[in-house]
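A.B. asks: Single-letter residue listing:
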Amino acid sequence: MTKTITIDPADVRARSTLRGPEIPINAYDSDPKKEAAKYGTATLVRIYRDMVFIREFETMLDRIKKEGVYEGIEYNHKGPAHLSIGQEASAVGQSLNLTPDDFIFGSHRSHGEILAKGLSAIEQLSEDELMRIMETYMDGNPLRIVEKHIGAGDSLRDLAINYLLYGTLAEIFGREPGFNMGMGGSMHAFFPPFGVMPNNAIVGGSADIAVGSALYKRVNRKPGIVIANIGDASMGCGPVWEAMMFAAMDQYHTLWDDEIGGAPPILFNFMNNFYGMGGQPKGETMGFGVLARVGLGVNEDAMHAERVDGYNPLAVADAIERKKAILLEGHGPVLLDTITYRFAGHSPSDASTYRDKHEIDLWREVDSLVNYHEYLKDNSHATEDALEAFKTDITGRLVKVLSAAVSDNISPRIRPGNGDPIGAMMFSNQIVDRMEDRTPEVLIPKEESRYKTTQEKFRFGLDENGKPLSKMKCLTYAEALFEAMVHRFYEDPTMVAYGEENRDWGGAFGVYRGLTEMLPYHRLFNSPISEGAIAGTAVGYAISGGRVVAELMYCDFMGRAGDEIFNQMAKWQSMSAGVLRMPLVLRVSVGAKYGAQHSQDWTSICAHIPGLKVMFPATPYDAKGMLNLALHGTDPVVFFESQRLYTEPETLVAGGVPTEYYEVEMGEPAVRHEGTDLTIVTVGATLYRALEAAAELESKHGLSVEVIDARFINPLNYDKILQSVRKTGKLVLASDACERGSFMHTMASTISQLAFSYLDGPVAVVGARNWITPPAELEEDFFPQTAWIIDTIHERILPLPGHQPSTVQTDDELLRRYRCGI
Amino acid sequence: MAAPVVMPKLGNTMESAIIMRWAKNVGDPVAEGDVLCEIETDKATMEVESTASGTLLARFFNEGDDVPVLLNIVAIGAPGEDVESLRPEGVGASSAPAPAEATPAAAQMQTTPLPVPASVVGNGGISPRAKNLAAQKQLDLSGLPGSGPHGRIIERDVHAALTGRPKVTPLAREMLASGGFVAPDQGTGARGRITSKDLQPAAATLPSLQEGDILEVIPVKGTRKIISQRMLASMQTTAQLTMNTFADARPLMAYRQRLKNSAEALGLRDVTINDLLMYVVARTLLSYPELNALYTDEQITLYRRVHLGFAVDTPRGLIVPVIRSASELTLKQQAQEARRLAAACQNGTVAPDDLNGGTFTVTNLGNLGIETFTPILNPPQVAILGVGNIHLKPVAVDGDVQFIQHIGLSLTINHQVVDGAPGARFLQALAANLAQLELMLAL
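Chains A and B, in that order, are what the protein sequence lines are. Take the position in the first sequence, starting the count at 1, then add 941; the result is the number in our numbering. Take the position in the second sequence, starting the count at 1, then add 202; the result is the number in our numbering.
If you're looking for bench data, these hints aren't it; they were derived computationally from the structure. Keep in mind that the hints are not guaranteed to be accurate.
For lysine-lysine, the following BS3-like pairs were computed, each having C-alpha atoms within a straight-line distance of at most 25 Å [said to hold, decoys possible]:
| no. | chain 1 | residue 1 | chain 2 | residue 2 |
| --- | --- | --- | --- | --- |
| 1 | B | Lys333 | A | Lys1668 |
| 2 | A | Lys1661 | B | Lys333 |
| 3 | A | Lys1668 | B | Lys339 |
| 4 | A | Lys1007 | A | Lys1332 |
| 5 | A | Lys1393 | A | Lys1414 |
| 6 | A | Lys1414 | A | Lys974 |
| 7 | A | Lys1223 | A | Lys1332 |
| 8 | A | Lys1641 | A | Lys1668 |
| 9 | A | Lys1408 | A | Lys1641 |
Some residues of chain A that are not near chain B, with every Cβ distance over 10 Å (derived) [claimed, not checked]:
| no. | residue |
| --- | --- |
| 10 | Leu1384 |
| 11 | Phe1507 |
| 12 | Ser1698 |
| 13 | Tyr1699 |
Glycine included, every Cβ here is placed at the ideal spot set by N, Cα and C.
Use the sequences and the hints to build the structure in full.
C.D. replies: Here it is as structure tokens:
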């Protein structure tokens, strides 16, 4: 949204015909003389060598999986192996003209791409740089094993090749000296120093992550392009389309500063092997016929789409070289339809019952290894013997690598026993002021912005007599969030924020009001309505080294970004064994009044997924202090906010919201009201109803009630809550989340275990009904009310003399609801 | 219609009794007069006989439960009859069969006045917190009504029960909280406040001896438990002073000889030395009413007549029956009453009322060769006389030494209310009266 772009009805209603650019299909003309001149014999031969590396590496894994033995070395590999036998030319051709600065993201079938990009980087990096990488990566642990058990080889590059093979294989086998300490395995292995970024076991999962990485490069002026290697079948995945939309936004050209350089340098490379599991995208499960056609639907440039013959490494290398230039000029995104074919099944367990052997034979006849082998001989680049020698050499090398990688002594696995090593990888737990040291780009000084206005507001919402001040004159919850955003924007030059209404509108709830005037487009912009890509690009941005705040308006929309939040955002720090950091804050809000798809509290869903920090402030003080905390760290945070509270001033924390910077202590609940007879723990805006309940219990029943605002879902320090329950012996937990499966039940169970002997009754949970959220007028029947809390106490914990329940909170009613599934 | 059998009130002061052993199981046929169970009060063990005939449908309590009197303990009737209406309030279903028609809890709630909607269901158990608090304060929760949901005993019920108990000083509370001490029911501080002095070290753990070294492990319960509590309370709540003397026993022995030789028809042959002694004690006490007294609640009550308790050694332990108005009985009457009570104690049939109301106690260890000892008071009585054996004592008589038979007398008084001199004067008078036994018999 911007006022600078006018939608003129005269324009948009005018008659015309839409024409797109032509899509080249296999346009590469092979010219051996030119190729020889361009690359030279050594490089052309190396292409063959690298293809043999991949073929033999994958063949080894195929034997290990199917026969349990390779060259006499026995091993039972329990994990997956999605092999790319047949796709070698696509991988090697792609990496030929990439530099180590260029990133590739891959799929579950990316062993070949890891090796090809790695071998390419080894060829290009200086020996000093190579040694520095190997000596510092994982403290040099993999390097020492390679030197001791596999051999240093004839040269440093030779050593680096052994290192690459071993690091990859040990990772595939789930071993500690693997590139990601075995935490990624076959489908997720990667090695950033060589530009090999995470491979992804979710089909199409790399698309939006790679776009985010390209965004990082563009915004922070980093060299290189980013390639998403995804399969043809991923064209059926929504997030892939979302990623393309995000990558093709007009604003990179129409609104962003020219100096930024245009669109993110992203290349969507569809490794088109014509199969997606058992289905065939061409002819069966999709309708594009030629995958490259899809480019026409995305932007005016048709994404510079081309079909490339992935069975000719030089055709692929040529295409990459041309597309890279387009991308560096800021004219992305690019779509490549790189056709290829896998000889093996989807995985070793796949007997390929869905395809004809005849088809496989046809492709074997054009096997790139055979054809390119002939090409080299025909053009006198190498003799038959020299080419055959590669296979012998590589097999011998692999025997050594395999022997070391299968040995439990040489290549142990991470075992819990010495502490909690995998647990220690779940979060990076760092505090980083700025992800990069340079001056943040802003449009005006903080002091001249809306920040000055908010700073001058009343910081506490009540006067000295406890009477409410005008909300307009008080700093609200939304403005407290704003102050936290401003602080980090002016500290961390890499920090960007985006969502569907972030610029100009200032966020649907006004949190970003004023930021538009303060920040250039590339730091604050509107995204397409693509929740998957919003979260997914943020993941890519963060793991590439930048700090990012993605915003989804309503937490109900997390469903649209399920994979990105739960499988990507939550998991990459630990799947990388700490190689990657994830300074990503995902802001979502809990709504009300907007019915079933806009009024849910989904904290419990986030609580269930390991790897996420989950916060939910309920007061302006915490809104600022907790967002400050989230934005200072390096871990992924799902930051819940309450739409009920955006316009509320601070009324609970004495002294109000400090003007200066501060942080709330990670995981620490806050005691909002002290008491001795009963404890109520809440998450979110339910706090205020709990305080009302506490007041009524005190005035009518003489009970002294302690009210605790958990604030954090994860991590959560239970000490304060346990202390309270040990004191009072009675506990009710309440939040706006639907009662069944609520995180409140997790807390209830934990506390019941840890404070059992102190309990004077069962721990009770008050949640929203297990219904859809009804219309705004009926919400009092759905969300927990003060009376529900009091009646629950009366019926299940402590019968209150003289109390007449107005709602049914009995055990029988609980059973009835469960019996009916509601 | 099923009929209940209640816990009988077998004495004026009996408030509850512990069911020691059930004699009938649920389902057994029962005839009126059949023994249902054996119970034990703080004073004696008795049997409860059925007051109805039929089939035993339900037992509402378990062995070991302390049941208040007049509460239904069983239901007897025809198989299948509803017994729930007979179940005492607040008592959970134990061995009772499931009620034929359970009333939905919700319906009950609507008809039951708040605030304790669920207590009528009565199977709510005890909250861990209440249980721990009760253990810490040494409060027995059995029979305590629960005010939590479903009749659960919760913390406030324990607090309510505790408010009737004596207060504890802060230091004593800290010591109790440390777990190493136990408190008596009543303290010696102002208004019964329990002070650090009242605390006793908690039972030490047994030294870890080899298994074979243990002869027997005897649970302390029933009469033994009562004795144990009484004795400890006596020592902890009174200021005991014991003084000893000896009395010339020759008149006693001579008179005893005469009784033994008397005509059988007189019925005096079985009168013992102890009978004679108690006779003289009762008569002497009439002149020393401050020793024939009870000390309770900041007041001392003196009695006109002497109700004389005497210790009886039984297989179940020490029992002290009371001879009513002993000071008004003839020697023969008193001896007969003593014999009757002792026999009842020995065979466990003594009535609870015969164990109550003593104003002074005599305990005799003479036949076991003990010369003197320190008897322990039986509060609220303020004095107890211990009687030793008869033995020869050298006595200077007219410049010569004679060996004369004497009997040991040990008087323990509660020095809180009886001073030493009056105690000594009584003892002196008693010794003098024994020496002039024939005169006493005229009184």
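A.B. asks: Work down the list of hints and note, for each, if the structure agrees.
C.D. replies: Results for each hint:
| no. | hint | verdict |
| --- | --- | --- |
| 1 | Lys333/B x Lys1668/A | 15 Å, holds |
| 2 | Lys1661/A x Lys333/B | 24 Å, holds |
| 3 | Lys1668/A x Lys339/B | 17 Å, holds |
| 4 | Lys1007/A x Lys1332/A | 21 Å, holds |
| 5 | Lys1393/A x Lys1414/A | 13 Å, holds |
| 6 | Lys1414/A x Lys974/A | 77 Å, violated |
| 7 | Lys1223/A x Lys1332/A | 35 Å, violated |
| 8 | Lys1641/A x Lys1668/A | 21 Å, holds |
| 9 | Lys1408/A x Lys1641/A | 23 Å, holds |
| 10 | Leu1384 | 60 Å, holds |
| 11 | Phe1507 | 37 Å, holds |
| 12 | Ser1698 | 5 Å, violated |
| 13 | Tyr1699 | 6 Å, violated |
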